[in-house]
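Enquirer: Below are the chains, spelled out letter by letter.
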Amino acid sequence: MSGVLHAPTPPQSAALRSFASQWRTRPADSLSPLREQALQRFLSFGLPTQRDESWRYTNLRSLAAQNFVDAPQEARGDLGPGTSLSLLGNTGSAATLTLVNGHPALPLTGGLPKGIEIHSLRHISQVDPMQLRRYLEPLPDADQQRWALLNTALFLDGLFIKITSRLTAPLVILHVASGEDANAIAYPRVIVEAAAESGATVIEQHVAQGEHTPLINSSTQISLGRGAQVEHYRVYATGAGATHLDSLRIRQDRDSRCKQFTVALGGGLVRTNLEAHLDAPGASLESHSLLVGHGDRHVDCVNIVTHGAPDTQSSQTARAIAGDTSRLIFNSKVIVDAGAVRSQSQQSCRGLLLSPAAEIDTRPQLEIHADEVKCAHGATTGRLDPDMLFYMLSRGLDRETAQSLLVFAFLADVLTGMSVESARAAIENALISQLPDSQTLRKFR
Amino acid sequence: MILLKITNLSARVAGKDILKGVNLEVRAGEVHAIMGPNGSGKSTLAQVLAGREDYEVTGGSVTYEGRDLLALPAEERARAGLFLGFQYPVEIPGVNNVYLLKAALNAKRKAAGEPEVDAYDFLALIRQKMKLMHMSESFLTRGVNEGFSGGEKKRNEILQMLVLEPKLAILDETDSGLDIDALKVVSAGVNSLRHPSRAVVLVTHYQRLLDYIVPDQVHVLSGGRILKSGDKSLAHELERRGYDWLLETQVA
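Line order of the protein sequences matches chains Y and G. Here the numbering used here is used: the first residue of the first sequence is 1, the next is one more, and so on. Here the numbering used here is used: the first residue of the second sequence is 446, the next is one more, and so on.
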């Protein structure tokens with residue numbers, strides 16, 4: 001730790017000073033030393049600049065001058081499940097947990113099915129800090145994970161979800177970002193631990209309420225035990241003024257299966273990280289990303305999947321669709337560690353440009369240190385196929401309808417993979433409203 | 446009544462002159478066949494009539510029911526009753542066959558001031574036409590032409606034509622890639638649409654199709670012009686003698 005203190009400190013911005021002040025307000029407990037290390041490591045990275053390789057597409061310079069303060073722990077108004085805030089509405093059998101700026105807003109017990117235990121992180125850090133400690137270290141040292149470090153240092157509360165059997169109904173986590181102060185920041189943290197042979201569907205949805213949306217620095221970790229099966233969704237549905245820095249880390253044990261959906265259909269600036277580790281033979285991951293560029297939205301999606309054991313499988317499918325002056329970036333990387341023989345991976349990214357001022361950048365990468373692996377990747381970006389368009393026009397469809405149908409068809413691959421029908425329908429519905437001529441398109445669903 | 450009148454039509458594709466003064470008149474109730482060697486401009490003519498934007502019309506005029514056809518965008522031509530059966534129907538994965546067909550029919554009905562088709566009636570109509578075209582139920586749930594064989598795609602074109610009931614159907618090599626049974630099915634479909642108020646223009650390489658759909662007139666298109674027109678016996682003569690004798694006559 002002493003080494004960290006002597007590390008060269010870059011010129012401190014107001015933002016970095018405010019993070020340090022926030023740290024000083026955090027109560028001391030047995031996890032504090034570890035969390036302070038995370039803070040120091042973040043501070044030594046500093047705010048990313050576009051000279052940092054993994055941040056070259058996303059400019060966060062405007063954050064530097066801000067004096068961040070903690071977002072409020074409570075929101076105004078009704079937050080019950082099924083409020084208009086929730087994209088998914090009342091999904092029937094699903095249990096909904098609401099977090100306001102990362103703070104659990106409703107009593108966590110009651111209405112929960114068997115086979116699931118939910119605690120607040122504040123509670124766990126008091127009664128069983130060792131259990132939490134496992135999820136705070138090892139601290140990531142890669143610069144693209146710096147915001148996860150800041151979250152580790154400064155989160156105030158969050159959810160610890162333990163799944164012990166196969167759950168049928170999905171669990172919905174509604175993240176509400178709410179604030180009146182333009183300098184507010186929130187650190188939502190969610191930990192999902194799926195025990196051996198358990199199974200669950202977890203849907204995280206980010207929405208905003210109130211005049212100013214705090215900067216959202218969220219972090220989710222999912223750990224899958226032997227043979228566990230988890231389907232996870234993260235849906236960004238905040239307003240155009242929201243900035244979102246989200247990290248998702250997944251660790252998978254033997255024969256576990258994870259299906260992950262990242263859906264960006266809200267927010268002004270969204271940076272989403274996925275870091276997955278296939279740690280034992282037979283683990284498989286399916287990741288789907290759906291990035292929708294509307295207005296001047298900026299979405300920067302970075303996936304890194306590490307095959308750390310033999311006979312592991314991963315697939316990454318991304319569909320990016322950019323209209324107006326939006327910009328979408330999808331960078332995916334597969335790393336096959338030495339010894340992870342017979343690993344199989346696929347990366348497929350397709351981009352669709354709907355406006356001359358929109359931009360899509362994709363970069364699939366492979367880093368292979370083992371033999372006998374099967375790794376494929378491909379990326380294409382273009383405009384709507386003129387042959388398809390002409391075919392539909394020649395059948396009498398107006399141009400808007402024809403374009404909308406093609407756009408929707410483009411996204412269908414990812415949507416049809418969603419097992420939760422209500423989630424799929426809700427996401428589809430929200431997505432359509434951001435496409436040209438949505439009224440017409442709705443009629444054909 | 447003259448349904449389609451093409452006068453001295455010239456067109457260019459990717460900087461290359463393809464049509465060099467085509468003249469053609471099609472009356473309601475008639476079936477015309479346009480034949481000709483590869484690269485003669487047959488498909489270009491079909492695409493230009495349907496309104497493909499990247500095909501540049503450089504001269505001449507086309508009237509359809511007395512209106513300036515070339516002034517209309519593709520979708521308005523379709524709603525006015527013009528139908529192009531594509532030589533290579535495109536696959537559109539993710540757009541359902543039935544969606545497309547229903548959207549097409551409703552677009553046409555809307556243009557005619559008619560209400561949208563009732564969903565139940567529509568399905569009944571489709572099933573009836575599918576039966577006529579010997580198409581399987583799976584068609585209803587699939588994407589437009591998605592994974593269809595060549596023959597299935599052509600049958601799908603004719604199915605669309607039967608549902609949309611165009612006044613003028615231009616069928617671009619609908620017979621290519623069909624086995625004899627499929628050819629009979631497709632021909633029966635086309636014949637079922639023949640009516641004194643409608644016309645059909647068949648673009649084809651082979652006389653074989655014309656045994657099943659008997660044309661009133663046959664034209665030979667070559668080098669971007671119609672070289673010769675005649676009755677159905679011209680098709681038999683072409684089958685026997687090929688195109689070369691015509692080209693030679695022209696030169697002389």
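Just so you know, these hints were derived from the structure itself, not from any lab. Everything numeric in this text was worked out from a predicted model, so none of it was measured. Every residue gets a Cβ at the ideal spot worked out from N, C-alpha and C, and that includes glycine. Among these hints, one or two may not hold up.
Said to hold, decoys possible - Taking beta-carbon pairs under 10 Å as the criterion, some of the chain G residues facing chain Y (in silico):
# : residue
1 : Gly496
2 : Arg497
3 : Phe528
4 : Leu529
5 : Leu545
6 : Leu550
7 : Gly687
8 : Tyr688
9 : Leu691
Claimed, not checked - Quick look at which bits of chain G chain Y covers, simulated, 3 or more residues with Cβ under 8 Å:
#  : stretch
10 : 573–579
11 : 636–650
As the list claims (entries may be wrong) - Some but not every residue of chain G turned toward chain Y, in silico, with C-beta under 10 Å:
#  : residue
12 : Val589
13 : Gly592
14 : Glu682
Enquirer: Now tell me, hint by hint, if it's right for this structure.
Expert: A quick look at each hint next to the structure:
Hint on G/Gly496 holds. Least Cβ distance to chain Y is approximately 7 Å, under the 10 Å limit. Interface restraint check for G/Arg497: the shortest CB-CB distance to chain Y comes to about 6 Å, inside 10 Å, so the restraint holds. At its closest, the beta carbon of G/Phe528 sits 8 Å from a beta carbon of chain Y; the interface hint therefore holds under the 10 Å criterion. For G/Leu529, the suggested interface contact is upheld, since its CB lies about 5 Å from the closest CB of chain Y, less than 10 Å.
Checking G/Leu545 against chain Y: minimum C-beta separation of about 7 Å stays under 10 Å; hint holds. A least Cβ separation of about 8 Å between G/Leu550 and chain Y falls short of the 10 Å threshold, and the interface hint therefore holds. Against a cut-off of 10 Å between C-beta atoms, the interface hint on G/Gly687 is violated, since the closest Cβ of chain Y lies about 32 Å away. Because the closest C-beta pair between G/Tyr688 and chain Y is about 29 Å apart, greater than 10 Å, the hint is violated.
Using the Cβ-Cβ criterion of 10 Å, the hint placing G/Leu691 at the interface with chain Y is not satisfied: the shortest such distance is roughly 31 Å. Here the stretch 573–579 of chain G counts 0 residues with a CB under 8 Å from a CB of chain Y, which misses the bar of 3, and the coverage is violated. Counting residues of the stretch 636–650 of chain G whose beta carbon lies closer than 8 Å to any beta carbon of chain Y gives 0, which falls short of the minimum of three for the stated coverage. For G/Val589, the suggested interface contact is upheld, since its CB lies about 8 Å from the closest CB of chain Y, less than 10 Å.
Taking 10 Å as the C-beta contact cut-off toward chain Y, the hint placing G/Gly592 at the interface is violated, the least distance being around 14 Å. Hint on G/Glu682 is violated. Least Cβ distance to chain Y is approximately 33 Å, over the 10 Å limit.
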